[in-house]
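Participant: Sequence:
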Amino acid sequence: LSVIGYTDASFQTDHDDFKSQSGYVFCLNGGAVSWKSSKQEVVADSTTEAEYIAASNAAKEAVWIKKFISDLGIVPSIADPIELLCDNNGAIAQAKEPRSHQRSKHILRRFHLIREIIDRGDVKICRVPTSDNIADPLTKALAQKKHDGHTRSMGIRSMPNWL
432 LSVIGYTDAS
442 FQTDHDDFKS
452 QSGYVFCLNG
462 GAVSWKSSKQ
472 EVVADSTTEA
482 EYIAASNAAK
492 EAVWIKKFIS
502 DLGIVPSIAD
512 PIELLCDNNG
522 AIAQAKEPRS
532 HQRSKHILRR
542 FHLIREIIDR
552 GDVKICRVPT
562 SDNIADPLTK
572 ALAQKKHDGH
582 TRSMGIRSMP
592 NWL
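Under this note's numbering, read the sequence shown as residues 432 to 594, first letter to last.
Since the hints were derived computationally from the structure, they do not count as laboratory data.
Accuracy of the hints is not assured; some may be wrong.
What the hints assert, rightly or not - List of simulated lysine-lysine pairs, PhoX-like, C-alpha gap at most 25 Å:
id, residue 1, residue 2
1, K576, K467
2, K467, K498
3, K555, K467
4, K470, K491
5, K498, K450
6, K555, K576
7, K577, K467
8, K571, K467
9, K497, K467
10, K571, K498
11, K555, K497
12, K577, K470
13, K555, K498
14, K491, K576
15, K576, K527
16, K527, K577
17, K555, K527
18, K450, K497
19, K450, K470
20, K450, K467
21, K571, K450
22, K527, K467
23, K491, K571
Work out the full structure: start from the sequences and follow the hints.
Facilitator: Dropping the structure here:
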């Protein structure tokens, strides 16, 4: 049983209120089972902060997925951490950091929950190249070829392919 999550953010995409867009997708054995695209509730000061907020929200979803699979009782529970893939080195470093520093003291405490989730072993955050981040279409418009490639990676197919 393999669950992999992807998380992404687009920095200050809304030019009216300067809020960023978050997105995540979780794939179970290669098919998308949970995904979300939403405007962030707070204004991020940097790309790293926007990505960190997105990763924090995705980590909470990963905890829910892990518990849901366990509660089903049909398959063995997931003992290993769910791999959460992010394309921002700063956000990954911040999530792995056990304490806050000067550069992150302004980030709301609720987003630091990701650190506890990682420490508990529920999630393991790792780097993914931007070109391989399938959460990308959930945060921004992409060229059709790139969009189609990411949706195929999520296990999404167009109807004519099923007929």
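Participant: Does each hint fit the structure? Answer for all of them.
Facilitator: Structure-based check of all given hints:
no.	hint	verdict
1	K576 x K467	22 Å, holds
2	K467 x K498	18 Å, holds
3	K555 x K467	20 Å, holds
4	K470 x K491	17 Å, holds
5	K498 x K450	31 Å, violated
6	K555 x K576	30 Å, violated
7	K577 x K467	19 Å, holds
8	K571 x K467	13 Å, holds
9	K497 x K467	17 Å, holds
10	K571 x K498	30 Å, violated
11	K555 x K497	13 Å, holds
12	K577 x K470	22 Å, holds
13	K555 x K498	16 Å, holds
14	K491 x K576	31 Å, violated
15	K576 x K527	34 Å, violated
16	K527 x K577	30 Å, violated
17	K555 x K527	9 Å, holds
18	K450 x K497	30 Å, violated
19	K450 x K470	7 Å, holds
20	K450 x K467	16 Å, holds
21	K571 x K450	13 Å, holds
22	K527 x K467	23 Å, holds
23	K491 x K571	22 Å, holds
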